[in-house]
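S.K.: Single-letter residue listing:
There are 2 protein chains.
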Amino acid sequence: MKRKVFFISDRTGITAEMFGQSLLSQFENVPFEEATLPYVDTVDKAEKACEQIKQAEQETGMRPIVFDTIVTPEIRQVIQSSGALVLDFFHTFIGPLETELGETSGFRVGKTHSLRDNEAYDSRIEAVNFALNNDDGITTRHYDQADVILVGVSRCGKTPTSLYMAMQFGIKAANYPFTEDDMEKLRLPMELKKHKHKIFGLTINPNRLHEIRTERRANSNYAALKQCQYEVREVEALYRREKIPSLNTTTRSVEELATKILATTGIKRHMF
Amino acid sequence: MKRKVFFISDRTGITAEMFGQSLLSQFENVPFEEATLPYVDTVDKAEKACEQIKQAEQETGMRPIVFDTIVTPEIRQVIQSSGALVLDFFHTFIGPLETELGETSGFRVGKTHSLRDNEAYDSRIEAVNFALNNDDGITTRHYDQADVILVGVSRCGKTPTSLYMAMQFGIKAANYPFTEDDMEKLRLPMELKKHKHKIFGLTINPNRLHEIRTERRANSNYAALKQCQYEVREVEALYRREKIPSLNTTTRSVEELATKILATTGIKRHMF
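Chains as they are written, first to last, in the numbering used here: chain V, 402 to 673; chain P, 402 to 673.
For reference, chain V alone in the conformation it holds in the complex (with noise of 0.2 Å):
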């Protein structure tokens, strides 16, 4: 039986699902099964979520978790009441804040990932739309604008990456692939060369890509491991031969490349 565990939040839920999520993955042999309850916004729909807890309570024979980042008293105390283990996340920080700021709080509901002002937003989706604009070396006449170019050979997480850069922190990342055809001679395309210090190369275990091409094209040439092994060879050794930071995405989460891209580069944000 797995225990059930709540993410509950008067907004989104995205933050205390991080949260829990965080502090889960330390107990990798407890099975868990999670539910998130977003937009738990009034007294009446607290009790409602307070019922699921109780059921689930009953169901399982194990006392559920819940992670919960509610600004309102009110709400939160009816959420406390449901018997299940609540750690809840902002109650317990905001009062060493308040303390030090010497300000109160404003208990307001709704400023995480609203709209914290506009310009912010803008540049978020002026990002992904350059994104997309610029993906998969579609132009190359805007390299200008970018606060970085990706370069890689195909299915090597190049699109992801760029996405979660302007997702997250509104950077303007292009990416260029490069393809089998590039591989005899592969040198830096005069486009790319113009700007190479907004270059950084992305590069895989050739087995997993040869996993990823075949599931896309089985049995093709692209798709063969000798294939793959070829063309990380050649690119690995563009990216020595031209000094190019460079990183393996193989067992990294986007979210992982997209932080370590920023930290080795000093990239600037333009979100936060």
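Treat the hints as calculated values from the structure; they're not laboratory data.
Each hint can be trusted.
A pair holds if it fits inside one copy or across any two, identical chains being indistinguishable in the list.
35 Å max Cα-Cα, derived DSBU-like pairs, lysine-lysine: (1) Lys594 / Lys446; (2) Lys669 / Lys449; (3) Lys661 / Lys455; (4) Lys661 / Lys446; (5) Lys586 / Lys644; (6) Lys661 / Lys449; (7) Lys599 / Lys446; (8) Lys644 / Lys594; (9) Lys669 / Lys599; (10) Lys599 / Lys627; (11) Lys597 / Lys627.
Model the placement of chain P on the given structure of chain V, informed by the hints.
M.R.: Relative to chain V, chain P alone:
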């Protein structure tokens, strides 16, 4: 002078940022200057972080605030010694969890955001690719595989929302624009009608739409306020007529849109 805030983590720092931001957003009148120090995973790096914190205190004359998610006790202790107000996310909650679960935590760095399992990761990449391949009505052939199809006028927020749903929840979100040409006698195209239960409408304040379109193509009919008003009116009438659930994107972040769509439709997410 702004109060200096540090988000410190032995990993990406994304959880520390979310954690801190959600609390800081409650103090609207206090000016903060934020910095993230990711991958602080050795005592040596922690000591360097400490120096930065102490320097910030000297420069600003105010005690800095640190939000940290550091797992390893020895590294955390170094940060604690910095003299800042250190709000430690991990160690505050891990104790009660250990007691409840009757298990000791792994104290393992790098569980959050690392590839918890390949399956979840693949479903994310697959969903991002789906969103890209089915963006902006490029094709309607894959709608049978879609979890949701977002519809709305050009520039109302469909693409960022689809991508966010893919990235955060592994959901396959296609999107389809209603264009100027569709407006007269607006009705659901045949390809959409077949998948009506998957359709979710987005709408937007015409004035905001006018602003956004003006930045893109100033003085065009496309950007004219009158045209924006017309399109929004037609599309909203369609939603009412066809009983399509919808959301106004004007003052909502993509996080809010994505989670509200999940809550409204009951679509199952593929990732936690």
